[in-house]
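**Q** Since chain A is already given, all that's left is putting chain B on it; use the hints.
So the protein sequences, as listed, match chains A and B. As numbered in our numbering, residues 2 to 207 make up the first sequence, in order. As numbered in our numbering, residues 7 to 301 make up the second sequence, in order.
Be careful, since some hints might not be right.
Unchecked claim - For lysine to aspartate or glutamate, the following EDC-like pairs were computed, each having C-alpha atoms within a straight-line distance of at most 16 Å:
1) A:Lys84 <-> B:Asp162
2) A:Lys70 <-> B:Asp162
3) B:Lys22 <-> A:Glu206
4) B:Lys284 <-> B:Asp264
5) B:Lys23 <-> A:Glu206
6) B:Lys186 <-> B:Asp154
7) B:Lys44 <-> B:Asp211
8) A:Lys73 <-> B:Glu90
9) B:Lys133 <-> B:Glu104
What the hints assert, rightly or not - Per the computed footprint, the stretches of chain B lying under chain A, defined by three or more beta-carbons under 8 Å from a beta-carbon of chain A, are:
10) 77–89
11) 92–106
Because the hints were derived from the structure by calculation, they are not lab data. Heads up, the beta-carbon is just placed ideally off N, CA and C, and yes, glycines get one too.
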Amino acid sequence: MAGYLLLGLIAVGMIFIKVQHDFTFSGGKNMWNGILFQYYSYFSSFKFIPLAGGLILGISQFFPETVEKRIKLTYHLPVNENKILLQMMGYGTLILAAAYIVLFVFFWAMSSSFFPKEIVFDALTSITPWFLSGFTTYYLIGLIVLEPIWRYRFFYLIVSAFFITIYLHSAVNGAYITMNFTLAISTVISSIALLFSGYRFRKGEQ
Amino acid sequence: MNKVIECKNLTHYYGKKLVYENLNIHLEEGRILGLLGKNGAGKSTTINIMNGFLQPRSGECLIYGENSQNLTPETKKRIGFLIEGHVQYAFMNIHQIEKFYSGFYENWQPEPYWDLMSKLKVTPKQKISTMSCGQRSQVALGLILAQDPDLLILDDFSMGLDPGYRRLFIDYLRAYAKEKNKTIFTTSHIIQDMERLIDDVLVMDYNRVLAQMPIADFMGNFKQFNFEVENENVELADADFIVNLERVTNQVELFTYDTEDTVKAYLKNKGIAHKNFKQIEMQLEDAFIGLTGKY
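This is chain A alone, in the form it adopts within the complex (with noise of 0.2 Å):
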């Protein structure tokens, strides 16, 4: 995950490239006129970046463990299944939740130092939605990978892809007020989707 918050770090530092190079060539009165008016979007880029995050650790956490059926050694150690698919669950939600709070931080640092924080708010009401994207995308991973049956994998990934694009339906400022609560408890509810998975594994499912 080091080398996805770097190049994470790198992408959000990119936007404040380009949004000093706007106010730099098209002027600071052109740059309020579009975010204020025109719903210009100064870190539409950013939309994908927590999203990958959840992938990449989603992959790299779970898939490892189908291979050859490793998942049977962590079913095997004495704690209850449950639990131990909750802890491996948990522990890559730190891992995801310090690697945003660095990536969140930094964006809210270089967008103060651009703009008035009402402006600032709205951005961060808006990147919200992405990050809990990335924290679903995440949890759906352990759903569709612990999966045993290919065509259920299959089933699952194309509901997962049209959930997911829940979160990321809109970048104008501020456009997810409202929502993110709701997509909050999405979130949280989703984050125990793999525990189906893994009840479905220890059944015997293929």
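**A** Only chain B this time, still in chain A's reference frame:
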């Protein structure tokens, strides 16, 4: 003797394909049982049910009195499980993996693990993924021994091992089990390995159990008689005492639990002319093939 494993009336299907029906298995404390069977006979199915990785269609497997589908962490601590192919957390090295597992077991005994590791020519930081199959088998075995379980379930422990490592594995395992009164349930593709290791044999064929008894009884009572029939076309009718009959032209191999006198009396009563009648001494592999057939 306490029953460590008791599987009662296990029935399982994969889709509509019957694996077995009403299978009963038991294993007593301190014994080493070898489960033998052809590919697809249900060996891995049985191991998976015992470890709670497969729910049988009906019946149940009790391990230390607990249903294997819902083993408590306390009971799992008493079971050492070797996965087919010596699968381990291969991204770790031998120090990391020892540290990882030791945190889960209060009675962790590192000595047998490091004793085995000292025999391996691996560097301290070498990842398990870069080790040979034989080396990985020793890591897996060492971890199980350090866990100090009461019951060891070994799924095809000989897979991928060269003869030296197989012998090392078996000799180490048997000495350990007998010294510490451990119980072992194991399968292996290589049947001659089993002869050095097991106390009891369980032979499975498609859908059924062909034999379950102490290996000494099996090897003492199961016999092979070879003879040549003079008439190639003579019918050798089935009789209750004949377990299996293999025939190539006029050469006959007859397998039975009965005596030489019974076989001779049968041939005489049926008027089957024959010559070169002799009993063949069998190894476990010969007996297994004799019992299950070549096909």
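**Q** Now look at each hint and say whether the structure bears it out.
**A** So, going through the hints one by one against the coordinates:
1. A:Lys84 <-> B:Asp162: Answer violated: A:Lys84 to B:Asp162 is near 29 Å, above 16 Å.
2. A:Lys70 <-> B:Asp162: Holds: A:Lys70 and B:Asp162 sit about 15 Å apart, inside 16 Å.
3. B:Lys22 <-> A:Glu206: holds, 14 Å
4. B:Lys284 <-> B:Asp264: Holds, at roughly 14 Å.
5. B:Lys23 <-> A:Glu206: Holds. B:Lys23 to A:Glu206 sits at ~15 Å (cutoff 16 Å).
6. B:Lys186 <-> B:Asp154: It holds: about 9 Å lies between the C-alpha atoms, which stays within 16 Å.
7. B:Lys44 <-> B:Asp211: Roughly 7 Å between the alpha carbons, so the hint for B:Lys44 and B:Asp211 holds.
8. A:Lys73 <-> B:Glu90: holds, 11 Å
9. B:Lys133 <-> B:Glu104: Holds - the C-alpha atoms of B:Glu104 and B:Lys133 are around 13 Å apart, at most 16 Å.
10. 77–89: It holds: at least three residues are needed, and the stretch 77–89 of chain B offers 7 whose Cβ sits within less than 8 Å of chain A.
11. 92–106: holds (count 4)
Going through the hint list in order, the structure does not satisfy hint 1, though it satisfies all others.
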